[in-house]
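Following the hints, put chain B in place on chain A, whose structure we already have.
Number of protein chains: 2
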Amino acid sequence: MLEEKGFSPTPLSKIGEFGLIETFKKSIKNTQKSTIKGIGDDAAVIKKDKNHYQLISTDTLVEGVHFDLVYTPLKHLGYKAVTVNLSDIFAMNGNPTHITVSLAINARMSIEAIDELYLGIMAACEQYNVDIIGGDTTSSLAENMISITVLGEVEKKKITYRDTAQENDLICVSGDLGAAYMGLQLLEREKSVFEKTNDAQPDFDGFDYLLRRFLKPEPRKDIIDFLNEQNVIPTSMIDISDGLSSELIHLGHLSKKGMVIYENKLPIDPQTVNAAEMFKINSTVCALNGGEDYELLFTIKQDDFNKIKENSNIHVIGHVTGNENQYQMVGAGDSIIELTAQGWNAFLSQNKN
Amino acid sequence: MLEEKGFSPTPLSKIGEFGLIETFKKSIKNTQKSTIKGIGDDAAVIKKDKNHYQLISTDTLVEGVHFDLVYTPLKHLGYKAVTVNLSDIFAMNGNPTHITVSLAINARMSIEAIDELYLGIMAACEQYNVDIIGGDTTSSLAENMISITVLGEVEKKKITYRDTAQENDLICVSGDLGAAYMGLQLLEREKSVFEKTNDAQPDFDGFDYLLRRFLKPEPRKDIIDFLNEQNVIPTSMIDISDGLSSELIHLGHLSKKGMVIYENKLPIDPQTVNAAEMFKINSTVCALNGGEDYELLFTIKQDDFNKIKENSNIHVIGHVTGNENQYQMVGAGDSIIELTAQGWNAFLSQNKN
Numbered sequence: 233m234l235e236e237k238g239f240s241p242t243p244l245s246k247i248g249e250f251g252l253i254e255t256f257k258k259s260i261k262n263t264q265k266s267t268i269k270g271i272g273d274d275a276a277v278i279k280k281d282k283n284h285y286q287l288i289s290t291d292t293l294v295e296g297v298h299f300d301l302v303y304t305p306l307k308h309l310g311y312k313a314v315t316v317n318l319s320d321i322f323a324m325n326g327n328p329t330h331i332t333v334s335l336a337i338n339a340r341m342s343i344e345a346i347d348e349l350y351l352g353i354m355a356a357c358e359q360y361n362v363d364i365i366g367g368d369t370t371s372s373l374a375e376n377m378i379s380i381t382v383l384g385e386v387e388k389k390k391i392t393y394r395d396t397a398q399e400n401d402l403i404c405v406s407g408d409l410g411a412a413y414m415g416l417q418l419l420e421r422e423k424s425v426f427e428k429t430n431d432a433q434p435d436f437d438g439f440d441y442l443l444r445r446f447l448k449p450e451p452r453k454d455i456i457d458f459l460n461e462q463n464v465i466p467t468s469m470i471d472i473s474d475g476l477s478s479e480l481i482h483l484g485h486l487s488k489k490g491m492v493i494y495e496n497k498l499p500i501d502p503q504t505v506n507a508a509e510m511f512k513i514n515s516t517v518c519a520l521n522g523g524e525d526y527e528l529l530f531t532i533k534q535d536d537f538n539k540i541k542e543n544s545n546i547h548v549i550g551h552v553t554g555n556e557n558q559y560q561m562v563g564a565g566d567s568i569i570e571l572t573a574q575g576w577n578a579f580l581s582q583n584k585n
Numbered sequence: 233m234l235e236e237k238g239f240s241p242t243p244l245s246k247i248g249e250f251g252l253i254e255t256f257k258k259s260i261k262n263t264q265k266s267t268i269k270g271i272g273d274d275a276a277v278i279k280k281d282k283n284h285y286q287l288i289s290t291d292t293l294v295e296g297v298h299f300d301l302v303y304t305p306l307k308h309l310g311y312k313a314v315t316v317n318l319s320d321i322f323a324m325n326g327n328p329t330h331i332t333v334s335l336a337i338n339a340r341m342s343i344e345a346i347d348e349l350y351l352g353i354m355a356a357c358e359q360y361n362v363d364i365i366g367g368d369t370t371s372s373l374a375e376n377m378i379s380i381t382v383l384g385e386v387e388k389k390k391i392t393y394r395d396t397a398q399e400n401d402l403i404c405v406s407g408d409l410g411a412a413y414m415g416l417q418l419l420e421r422e423k424s425v426f427e428k429t430n431d432a433q434p435d436f437d438g439f440d441y442l443l444r445r446f447l448k449p450e451p452r453k454d455i456i457d458f459l460n461e462q463n464v465i466p467t468s469m470i471d472i473s474d475g476l477s478s479e480l481i482h483l484g485h486l487s488k489k490g491m492v493i494y495e496n497k498l499p500i501d502p503q504t505v506n507a508a509e510m511f512k513i514n515s516t517v518c519a520l521n522g523g524e525d526y527e528l529l530f531t532i533k534q535d536d537f538n539k540i541k542e543n544s545n546i547h548v549i550g551h552v553t554g555n556e557n558q559y560q561m562v563g564a565g566d567s568i569i570e571l572t573a574q575g576w577n578a579f580l581s582q583n584k585n
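Line by line, the protein sequences are chains A and B.
Residue numbering for the first sequence follows my numbering, beginning at 233 and increasing consecutively.
Residue numbering for the second sequence follows my numbering, beginning at 233 and increasing consecutively.
Looking at chain A on its own, in the form it has when it is part of the complex (with noise of 0.2 Å):
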């Protein structure tokens, strides 16, 4: 059928992932009653009793995509893959249960190897009192892979969609924004610089909270704990993956609000200057698009701004507008940047001019 003459495929690049997922999110015809949410948030949503929510989510780690085992310790990705699982259910406010794991793996990885592997998986879910329930393990002939489900549970009142920031709440981040993207961009220099001599030693002093950051990224359980405790439950939350302006105006674009964010109010710790330097790239840009943080982009009625305002690591950065379909940032001079979501090189070529 796809071989017919005159057929020219189309290239997935095209429409890329999330022209894929809308495409399928319309043809979709949920028919269970349980269903509350599909697809489109961090996690779906399921009724599990008269107060509570189930919340399911799944992501993959493919090696040469999302992992080079050059410089990734084995632990640190299996804990890496639980942990980016957990951030989706703590993005939706609530706590991660069980996870399930399914593991694609080629022959050059021994047993030892996967035994490393697994030991990060189960620090994780020690560390996040999280049950590992299920799993599947497969041979690959080629890149190995390791695909988590999560499941979690929040209370129904406390559930926190992306679709539901309203005009006038403030624009909340956690933690600090581009460490892991300065970390990723260490580790690729002493790679090539490996490959070329074969004999260098690695040279990452004062730079190990970013190496951290990437490789071993914490997910904000914190952040909900304290929320909770302050009864605040934030009107829109997302974790941030793929990086803050991306991220910024998914919440945007859903809750149909605007967003403005203040260049220095962003959160950006001084070995990420310190290395944004380095490398010649302006930390602003690493901090909007850098990607891989793992902290939580949130948005707070004004009135709970005094139950946040003492945590050091909840950071306000902006706040939303009803100027739908406009994301901007002011910078210095009180200058406006228009936020992109495919943010890296639009924005570079914009901060040329």
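Everything labelled a hint here was simulated from the structure, so no lab data went into it.
Treat each hint with caution, since some may be false.
Put simply, identical chains are the same to the list, so a pair is met inside one copy or across any two.
[Stated by the list, open to error] Here are the computed lysine to aspartate or glutamate pairs in the EDC-like style, where the Cα-Cα straight-line distance is at most 16 Å:
1. K280 - E385
2. K541 - E385
3. K428 - D440
4. K265 - E358
5. K261 - E358
6. K257 - E348
7. K261 - E524
8. K539 - E461
9. K541 - E387
10. K541 - E427
11. K541 - E461
12. K448 - E348
13. K257 - E495
14. K257 - D347
15. K261 - D454
16. K280 - D435
17. K488 - D395
18. K533 - D440
19. K280 - E387
The following block gives chain B in isolation, referenced to the frame of chain A:
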């Protein structure tokens, strides 16, 4: 760490997938109160409410290992990726409700190809009334891969495990066995003919059932519904993915019982017999070790026999004994054949003696 001097890594083939799962099962400590059963059955079991359990299972299909795109239509592949997962939920005497789909797709796949794959996934979901609630699509540098996680539900009093077969129970199997394996042999033969001549038309005359069994297996929802209507709760159950012999030994081993089956009771379709003759393979061997049947193997109390005997899709093939670790088939002239788990080669060589 893995590259220390004098360290020789152990290849995975040395302990195999089962060994691997056993190793990690021992190290996993579950702490969530809601976890009823983790790794070790067709699906994991979580408490849902007073009278219901939730079921969860995951299965991954890797290109080159589980499917060959030379002869697998993508729509069938999508369908099969779902139904092999649903089969695990039926094997717990439950009903599937939701799935999440993870795809890792390489650049050779066009949008139209992915569309076909998704059409198959959606067709299976519609057929079995299952909602698609989540997904993750990533790129892959080499093989394509589909990982599906299925959620299901079962009444607490009806859940059926693998380790609860009782002495004198009847051993039942649904449908027929060995057909998918012969379907695979036919497809592989035509592939090799095609590769040599490049213009041969495939010759599948009279074998359409075998191809369908391999390319588009249907899980046995009808059997679960029938047992439910008849108020029969199997005493143990497993789905047949790795071959009858292997699954029988699983039930026996976990239940600490023996198993006796009768060669002349094995349900084998005439097309399977014909194809086996053509390939000069013993059709009993196909039935015992073929795999990918996705039929249900279950045990029932003798008292329930009258309730199931009219169903032509259920076959009583033997009974459970008190002889732990003894798994036997009674063949022609009352000969006794010992069944082995890695049945294929072992059994073949035994037959030759």
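Exercise. What are the numbers of the hints the structure violates, in ascending order?
Worked result: 2, 3, 7, 9, 10, 13, 15, 16 and 18
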